[in-house]
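Asker: The residues making up each chain are set out below.
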Amino acid sequence: MRRILALLLLSAACAGDLPPPPPSTASAVLAPRPEILAAGTGALTPLAMALAREVWTGTGLRIRVEPSIGSGGGISATRDGAVDLGLVSRPLRPEESAGLERVDLARDAVVLAAAADFPHDDLSSAEVHRLYRGELRGLTLLLRDEADSANAALESTLPGLTDERRSSAASGRFRVLDHDDAMALALATTPRAIGVFSLAAVRPPLRALRLDGLAPSNDSLARGTWRAVRTLGVVFRPERRDRVAPFLALASSERGRALIRSLGYLPMEPRR
Amino acid sequence: MIPVTLTRPFARRLAPLVLFATSLFAVVVPVAHHLDARSRAVLAARERGDRVAHVLAEAVRDRPLLWRYDAAKLSGRIQQEGLLDGPLVVRDRENRPVPLGGPATGSVAWARVPVEVEGVPVATVWAGATLAPLWHETLRLLAGCLLLASALGALLFLFPVRTVARAEERIAALLAERRVALQDEERRRIARELHDGAGQALTAARLQLLALRKRGLAPEDAAQVEHHLDEALDEVRRSTSALIPAPLAALGFLGAVRKHCASYSRATGIDISLDAPGELPELPPPMAAGLYRIVQEALHNTARHAGAARASVRVSHLRDALSLEFDDDGRGFPDQASSQSIRERVAGLGGAVDWPEPGRSCLRVRIPLGGAPA
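Heads up: the sequence lines are chains A and B, in that order. Numbering follows the working numbering, with no gaps: position 17 of the first sequence is 17. Numbering follows the working numbering, with no gaps: position 328 of the second sequence is 1328.
No wet-lab data here; the hints were simulated from the structure. Errors might be hidden in some of the hints.
Here are some chain A residues pointing at chain B (derived, C-beta under 7 Å) [stated by the list, open to error]: (1) Pro67; (2) Gly73; (3) Val103; (4) Ala147.
Derived DEER-like restraints, expressed as beta-carbon distance ranges [to be verified]: (5) B:Ser1107 x A:Glu101: 19 to 25 Å; (6) A:Pro22 x B:Arg1040: 26 to 32 Å; (7) B:Arg1140 x A:Ser97: 28 to 34 Å; (8) A:Ala170 x B:Ala1021: 37 to 43 Å; (9) A:Leu185 x B:Arg1040: 35 to 41 Å; (10) A:Ala170 x B:Arg1040: 25 to 31 Å; (11) B:Arg1061 x A:Thr189: 17 to 23 Å; (12) B:Ser1107 x A:Gly60: 56 to 62 Å; (13) A:Ala258 x B:Val1117: 39 to 45 Å.
Built from N, CA and C at the ideal position, the CB exists for glycine as well.
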């Protein structure tokens, strides 16, 4: 009887592995690096890379821009000291802003982008709602993940669209892409596909669609008629301000602002 | 009734065996089910962990330095693939938490899956299976098995015990029959011995004394000896007549009963009526003796205890049984020994007796002819 009980207990104990041990509380500070490390939202990655190249050309300081980890990831990595610059495309939440400084670099128009085979150049607000509800047959909507700031920018101009997007995402009707590069690839390779995208990142074969007859551009953005917009910036720890100062100096200079404009973004007004 | 004790010892020995067998059944089935379901749950959790590890390995390849900060998007991707339907814990190589899954609460069985990229360990995934529903299911099964085992145990216990109890009653009845038969046999043997031995010897002595008196023995002496011998003979006759119902051998059951009723009526002044068929099938000696003794006992009660003036005896031959009915106008059977004696004799013959009117000397006896002892 004892042997049987022992075998039963042993079997029960063997049906699974040990639970996870208590986690380490050490922060993920990377080993000191000679180069500056930047990471965060994919919406700012092309601009950050262009600015990094200019800094290296002008000062010899290397700035390495990591693939997109989202605004939240960039903020966390900056706070942990894993990166020097966090790239963000949304306002910081109160619990995120403690111990960080923010500098805004540019404004980015959020657009509905499609490939050449998409049958429309212009969509009305009503058609966008129908599209998000899955009522427009023959078209494929590609969604961004819940945390993406592009959603918030577009949906601030189209009341009710947030619920429709969430409902469609929950139903599994549409694919959900979680990075800009994945969205660009999906738009280019999916027949008659349309998705939310950054105007600055729209490159052939993609094109930005008009919304209610209004074409998205830096001019319409500057005039305030294109209202689906997000502000791009960087965050850093104050003790690393000197380390990232060349990057910030270039971004606020005329040369940097011209570079930002040439890449399709709207630079921030210089501080007076 | 001779006491025969079989049921209680049998029940005492059977009870622990039944208890053990039913308890084993009630416990083993839920435990086996629990272990099987648990191992299947862990297997499913391991498969889920493998898929999460695959997603993580891709993320590490794309973002080797900062993959853990992409947790929000990774979590969304994992959720989109339906991999967040259970507890999930992810730690990087330095055991720092990567917030992908929800906290695990309650009892959880874990499957640990290492995440490797190019053979280098980069993280560890623990996919869990929540055991609370499984425990609830096991407890429900245990309750069901306990109920089933209780019913099964009751059957396993009561059925053999009732069979043994019936056998015990049958054995006791057979023993009682055998005792009555042995008693009668012994009485007949003693009667034969007294009749053939002492009776013959005393008779011979009496005859010799008669001869001696004829040859001149003083008549007074001879008369005295003769008187003593007559007393001895009478004593022997009385003894043998008490041990064996002698009229039975000479007259058969009905004749003996008729003679006894007539002589008893004359001796006591009680008006006894007898209603009996002209003839009966030949009764086995123990049955005839038992019934005769019952009639004697009933009439004895009438004269001695009941204070009755009239009594009736009725003998009937039914299809497969013999019926004896007795009644008088007295006070019943105040002497418990009489009624108990009648009960034992009837039980010994495998029959039944009842007193339909308590407080009266009315009794009915029914003896099955087929079941009567030989």
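Asker: Now tell me if each hint is right for this structure.
Answerer: Evaluation of the provided hints:
Checking Pro67 of chain A against chain B: minimum C-beta separation of about 5 Å stays under 7 Å; hint holds. A least Cβ separation of about 4 Å between Gly73 of chain A and chain B falls short of the 7 Å threshold, and the interface hint therefore holds. Interface hint status for Val103 of chain A: violated, as the beta-carbon distance to the closest one in chain B is roughly 20 Å, over 7 Å. At its closest, the beta carbon of Ala147 of chain A sits 5 Å from a beta carbon of chain B; the interface hint therefore holds under the 7 Å criterion.
As the Cβ distance of Ser1107 of chain B to Glu101 of chain A is approximately 46 Å, the hint placing it in 19 to 25 Å is violated. Range check, Pro22 of chain A to Arg1040 of chain B: about 29 Å between beta-carbon atoms, so the 26 to 32 Å window is met. Hint check: Arg1140 of chain B to Ser97 of chain A, Cβ distance near 52 Å, so the stated range 28 to 34 Å is violated. As the Cβ distance of Ala170 of chain A to Ala1021 of chain B is approximately 54 Å, the hint placing it in 37 to 43 Å is violated.
Between Leu185 of chain A and Arg1040 of chain B the CB atoms are about 39 Å apart, so this pair conforms to the stated range of 35 to 41 Å. The given range of 25 to 31 Å is respected by Ala170 of chain A and Arg1040 of chain B, whose C-beta atoms sit roughly 29 Å from each other. Checked against the hint of 17 to 23 Å, the C-beta distance between Arg1061 of chain B and Thr189 of chain A comes to roughly 21 Å, which is consistent with it. Between Ser1107 of chain B and Gly60 of chain A the beta carbon distance is about 59 Å. The supplied range of 56 to 62 Å therefore holds.
Between Ala258 of chain A and Val1117 of chain B the C-beta distance comes to about 41 Å, which sits within the given range of 39 to 45 Å.
Hints 3, 5, 7 and 8, counting from the list given before, are not met by this structure.
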